Amino acid sequence: MLVRLLAFGIAKDILDDHVLNVDLTPGTTIAELKAMLVDDYPDFEKLRSIRLAINENYVEDDQIILPNDEVVIIPPVSGG
Amino acid sequence: MRISTDLYHIELCATPWDSLWFERFLDHPEGGGRVIFTGHVREELHQRQVIYLEFEAFAPMAMKEMEKIVLTTAKRWPVIKVILLHRLGRVHVGEMPVAIGVTAHHRHDAFSAAQYLIDTLKENVPIWKKEHYQDGSSWVSAHP
Chain B
-17 MLVRLLAFGI AKDILDDHVL NVDLTPGTTI AELKAMLVDD YPDFEKLRSI
33 RLAINENYVE DDQIILPNDE VVIIPPVSGG
Chain G
1219 MRISTDLYHI ELCATPWDSL WFERFLDHPE GGGRVIFTGH VREELHQRQV
1269 IYLEFEAFAP MAMKEMEKIV LTTAKRWPVI KVILLHRLGR VHVGEMPVAI
1319 GVTAHHRHDA FSAAQYLIDT LKENVPIWKK EHYQDGSSWV SAHP
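These protein sequence lines map, in sequence, to chains B and G.
The working numbering applies: residue -17 is where the first sequence begins, and numbers increase by one.
The working numbering applies: residue 1219 is where the second sequence begins, and numbers increase by one.
Just so you know, these hints were derived from the structure itself, not from any lab.
Predicted, not measured: the structure shown is a model, and the values here were computed from it.
Cβ atoms here follow ideal geometry from the backbone N, Cα and C, with glycine treated the same way.
Treat each hint with caution, since some may be false.
[Stated by the list, open to error] Just so you have them, the derived chain B footprint on chain G, three or more residues with Cβ under 8 angstroms:
id: 1; segment: 1261 to 1275
id: 2; segment: 1290 to 1304
id: 3; segment: 1342 to 1356
Produce the complete structure using the sequences and hints provided.
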């Protein structure tokens, strides 16, 4: 299934794009997606943290990604 | 982008806000204590001269997270008014990227609530800051 990832901040620089379309096996978890991102883009491993959000909420590593989920890569936040 | 109720006002702003309006929102006849926190852009960071900061947000989620923080604050402390404003885009030296205001019956609650609001905002709200110097730029806090 094709899933659309959105990236902000330094994640956008690492991907060199605001959007990344990935083809995932149904049942893929957030932890597995994070591992794929680190494999394909080793610069993610250098970050202080990386969180993912689905449909505008932070999600845990064991969450399964569903078709039509909007997945967002959240590098370390620095508002304020 | 904004959410406004009688109790709270949350907004992501492209331009500086009107500080009189900000203060007026906090007015309440039962408010005995008011705490305002404003963050300001410093001219020097990590021994480099800053020209401006640039803020980017995942706006719909940032609004949701800020509202969650305000609602949690209202559960933990008896606050009467809460205002939470954050700039997006370029913010120059001396300007305010963030302003938080709390009105409560008593000062202790206003201080505690304001501290919680700014600390939790910095931890959870998907907003990113890029520092622009004379000789380059970098995303803040991205690396350990």
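Exercise. Has the segment 1342 to 1356 of chain G got at least three residues whose CB is nearer than 8 angstroms to a CB belonging to chain B?
Worked result: holds (count 7)
Problem set entry | Residues of the segment 1261 to 1275 of chain G with Cβ under 8 angstroms from chain B, three needed, outcome | Holds, because 3 residues of the segment 1261 to 1275 of chain G bring their Cβ atoms closer than 8 angstroms to Cβ atoms of chain B.
For this session: Establish whether the coverage given for the segment 1290 to 1304 of chain G by chain B is satisfied; the threshold is a Cβ-Cβ distance below 8 angstroms, and no fewer than three residues must meet it.
Result: The restraint on the segment 1290 to 1304 of chain G is violated, since only 1 of its residues have a Cβ under 8 angstroms from chain B and three are required.
The structure fails to meet hint 2 from the earlier list, while all remaining hints are met.
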